[in-house]
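Trainee: The task is simple: from the sequences and hints, build the whole structure.
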Amino acid sequence: MVEYSLTLTNKNTNQISRYILDLEEYYENQPASFFTPIVCNKIRNELQSQGSCHINDMYLQIIIKTWIQDIKEGYRDSNVVLDLPQINHRNINSLKESGNQEIPQLIYPDLSDVEPQIGALPPLDFS
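Count along the sequence shown starting at 1, add 9, and that's the number in my numbering.
Hints should not be assumed to be uniformly reliable.
[To be verified] Each pair of labels, with its calculated beta carbon distance range:
#1 Lys74 x Asp119: 25 to 35 Å
#2 Glu111 x His63: 21 to 31 Å
#3 Asn54 x Gln78: 44 to 54 Å
#4 Asn38 x Gln110: 46 to 56 Å
#5 Leu120 x Val48: 54 to 64 Å
#6 Glu111 x Ala41: 43 to 53 Å
#7 Asn38 x Ser14: 17 to 27 Å
#8 Ser58 x Glu82: 23 to 33 Å
#9 Asn50 x Glu12: 44 to 54 Å
#10 Ser14 x Ile96: 18 to 28 Å
#11 Glu82 x Asn21: 21 to 31 Å
#12 Gln95 x Gln39: 28 to 38 Å
#13 Val90 x Met10: 46 to 56 Å
#14 Gln59 x Lys81: 17 to 27 Å
[Unchecked claim] Computed list of lysine to aspartate or glutamate pairs in EDC-like fashion (alpha-carbon distance at most 16 Å, straight line):
#15 Lys74 x Glu34
#16 Lys81 x Glu33
#17 Lys20 x Asp92
#18 Lys51 x Glu34
#19 Lys74 x Asp86
#20 Lys81 x Glu34
#21 Lys81 x Glu12
#22 Lys81 x Asp31
#23 Lys51 x Asp31
#24 Lys81 x Glu37
In short, the hints are calculated from the structure, not lab data.
Cβ atoms here follow ideal geometry from the backbone N, Cα and C, with glycine treated the same way.
Mentor: Written out as structure tokens, the structure reads:
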């Protein structure tokens, strides 16, 4: 088994996160088959915990595609530099929603034509 490493650098903070893989010969020749969704999420979680940054699906695809290409070309060390947003757990409750916060106008129903058909209660059949 051969050891491959990924170094992720955050442009905002210059913080470095590393992830190391041991690949068998089969996966060295076909690295795309190794990176299943489960493995990709494991990599994302590890890099997020090391760097305290948020890695969304787009960034994860960039990281994985770069790493697959480097493995195919024979590089053991891959370096990726991305502009990742910070995860700030202390201020998570004070987030401001930037969406539309206006209350929509109410539409009142027209009940003028609504009448009971057979009285107030439906007919009861106890037979």
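Trainee: Each hint: holds or not?
Mentor: Hint by hint, here is what the structure shows:
1. Taking 25 to 35 Å as the suggested C-beta distance range, the pair lysine 74 and aspartate 119 does not conform, at roughly 57 Å.
2. Separated by about 29 Å at the C-beta atoms, glutamate 111 and histidine 63 satisfy the suggested range of 21 to 31 Å.
3. Taking 44 to 54 Å as the suggested C-beta distance range, the pair asparagine 54 and glutamine 78 does not conform, at roughly 23 Å.
4. Separated by about 54 Å at the C-beta atoms, asparagine 38 and glutamine 110 satisfy the suggested range of 46 to 56 Å.
5. Between leucine 120 and valine 48 the beta carbon distance is about 59 Å. The supplied range of 54 to 64 Å therefore holds.
6. The supplied range of 43 to 53 Å is met by glutamate 111 and alanine 41, whose beta-carbon atoms lie about 47 Å from each other.
7. Between asparagine 38 and serine 14 the beta carbons are some 19 Å apart, a value that agrees with the proposed interval 17 to 27 Å.
8. Our hint of 23 to 33 Å for serine 58 and glutamate 82 holds, since their Cβ atoms are close to 29 Å apart.
9. For the pair asparagine 50 and glutamate 12, the supplied restraint of 44 to 54 Å is violated, since their beta-carbon distance comes to about 21 Å.
10. A beta carbon spacing of about 23 Å between serine 14 and isoleucine 96 agrees with the range 18 to 28 Å that was offered as a hint.
11. Taken as a hint, the range 21 to 31 Å holds for the pair glutamate 82 and asparagine 21, whose Cβ atoms sit roughly 28 Å apart.
12. The beta-carbon spacing between glutamine 95 and glutamine 39, approximately 35 Å, falls within the hinted interval of 28 to 38 Å.
13. A hinted range of 46 to 56 Å for the beta carbons of valine 90 and methionine 10 is inconsistent with their spacing of about 28 Å.
14. At roughly 25 Å, the beta-carbon separation of glutamine 59 and lysine 81 lies within the given 17 to 27 Å, and the hint holds.
15. Our distance criterion of 16 Å between C-alpha atoms is broken by lysine 74 and glutamate 34, whose separation comes to about 19 Å.
16. The hinted pair formed by lysine 81 and glutamate 33 meets the criterion: a straight-line CA distance of about 13 Å does not exceed 16 Å.
17. For the given pair, lysine 20 sits about 5 Å from aspartate 92 by alpha-carbon distance, which is consistent with the 16 Å threshold.
18. Restraint check for lysine 51 and glutamate 34: the C-alpha separation of about 21 Å exceeds 16 Å, so the hint is violated.
19. Of the supplied pair hints, the one linking lysine 74 and aspartate 86 holds, its CA atoms being roughly 14 Å apart against a limit of 16 Å.
20. About 12 Å separates the Cα atoms of lysine 81 and glutamate 34, which keeps this hinted pair within 16 Å; it holds.
21. A C-alpha spacing of about 14 Å is found between lysine 81 and glutamate 12, which places the hinted pair at or below 16 Å, so the restraint holds.
22. Note on lysine 81 and aspartate 31: the hinted pairing holds, with a Cα-Cα distance of about 15 Å set against a maximum of 16 Å.
23. Only pairs whose Cα atoms come within 16 Å are accepted, and lysine 51 paired with aspartate 31 is accepted, the gap being roughly 14 Å.
24. Between lysine 81 and glutamate 37 the CA atoms are separated by roughly 7 Å; this keeps the pair inside 16 Å, and the hint holds.
Taken one by one, the earlier hints fail for this structure at numbers 1, 3, 9, 13, 15 and 18, listed in ascending order.
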